[in-house]
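Novice: Residue numbers (the UniProt record's numbering), protein chains in the order written: chain F, 1 to 142; chain B, 1 to 142.
Simulated from the structure, these hints should not be mistaken for lab results. Quantities reported herein were computed from a predicted structural model and do not represent experimental measurements. Where a beta carbon is used, it is the ideal one built from N, C-alpha and C, also for glycine.
DSS-like mimics (lysine-lysine), calculated; alpha carbons at most 30 angstroms apart, straight line:
1) F/136 - B/127
2) B/127 - F/127
3) F/136 - B/117
4) F/102 - F/127
5) B/127 - F/117
6) B/136 - F/135
7) B/117 - F/142
8) B/142 - F/102
9) F/127 - B/135
10) B/135 - B/102
11) B/127 - B/117
12) B/136 - F/117
13) B/127 - F/142
The following residues of chain F were derived to be distant from chain B, with all beta-carbon distances above 10 angstroms:
14) 49
15) 53
16) 54
17) 84
18) 95
Number of protein chains: 2
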Amino acid sequence: MDLGPLEDFVGFNLRLAQDASFQVFAQHTGEPHLRPGRFASLMVIHRNPGLTQRDLGQAIARDKSSVTPLVKAMEQDGLVERRPSPEDRRSVTLWLTESGEKALQSLLAHAREHDRKLDELVGLERKAEFLRLLKKITAELK
Amino acid sequence: MDLGPLEDFVGFNLRLAQDASFQVFAQHTGEPHLRPGRFASLMVIHRNPGLTQRDLGQAIARDKSSVTPLVKAMEQDGLVERRPSPEDRRSVTLWLTESGEKALQSLLAHAREHDRKLDELVGLERKAEFLRLLKKITAELK
DNA sequence: TATTGTTATACTCTATAACTATA
DNA sequence: TATAGTTATAGAGTATAACAATA
Numbered sequence: 001m002d003l004g005p006l007e008d009f010v011g012f013n014l015r016l017a018q019d020a021s022f023q024v025f026a027q028h029t030g031e032p033h034l035r036p037g038r039f040a041s042l043m044v045i046h047r048n049p050g051l052t053q054r055d056l057g058q059a060i061a062r063d064k065s066s067v068t069p070l071v072k073a074m075e076q077d078g079l080v081e082r083r084p085s086p087e088d089r090r091s092v093t094l095w096l097t098e099s100g101e102k103a104l105q106s107l108l109a110h111a112r113e114h115d116r117k118l119d120e121l122v123g124l125e126r127k128a129e130f131l132r133l134l135k136k137i138t139a140e141l142k
Numbered sequence: 001m002d003l004g005p006l007e008d009f010v011g012f013n014l015r016l017a018q019d020a021s022f023q024v025f026a027q028h029t030g031e032p033h034l035r036p037g038r039f040a041s042l043m044v045i046h047r048n049p050g051l052t053q054r055d056l057g058q059a060i061a062r063d064k065s066s067v068t069p070l071v072k073a074m075e076q077d078g079l080v081e082r083r084p085s086p087e088d089r090r091s092v093t094l095w096l097t098e099s100g101e102k103a104l105q106s107l108l109a110h111a112r113e114h115d116r117k118l119d120e121l122v123g124l125e126r127k128a129e130f131l132r133l134l135k136k137i138t139a140e141l142k
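Can you make the complete structure from the sequences, with help from the hints?
Specialist: Have a look at this one:
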């Protein structure tokens, strides 16, 4: 199907490439509690144990009312533990369980495997430049 | 917020760049009947006037049950006309109205403006290679 | 029997607003 | 007064399944 001028727009091709990449990644993660949407959250909690739900929301750019069900679902699946903050009784602090750490490691393994495929397509000698441009778009586009 | 190993994954950066690009584009289109989600549909109908809803669904990778409300909304907004197919009485053929053509042209103008910003970030001398890699990922990732 | 399109329904993900409890 | 978190609710956007009309 010919899409005319769209075919050579960077923005449009960015979207197609990301869709393809996400779909392939999501397929290979398989298990439901390893859904890619949780990846960033698990990583943020892993690297900032004891952060509050508010902090998490800021890190992943979601409203607090969206964080509540996300965290509850991960708690339900045994990936995250919620403990009252000793400093502020309004706050909840977040910690990965052992199972959460394992889930994160598993997602990371999938991500590495996935990125090996991307590296192959991009080519090692072009990867640094490609990454640089993606980061530039993220950082500077307004 | 430090995301550790994710920071240098191509897939992750693809996602961040596409999010940034989409958000900026969506903001600037403004009006509700020019929502970016309709862009591809308008373009497909523009370039294939008289196609059926089934054809449209295949082109934009959506189930027929998702095409129905999409097309109805665009008809409601006066962008698309639905006519019974003379060849197959089960089918509906799709045509852009004058207003639909105008909406498409307006979206295209926004897209060109948007892509000028992206071109600036990427740099003209690197654009061809960048596009080539994005298309390669779309086409060959499995 | 198979296909086109519609409808009913449901699921995911997101947000806004109103609320409780703290600060 | 302001903030952390919860809940109720709503709106996109998507899909599956059952259906009517037609092939």
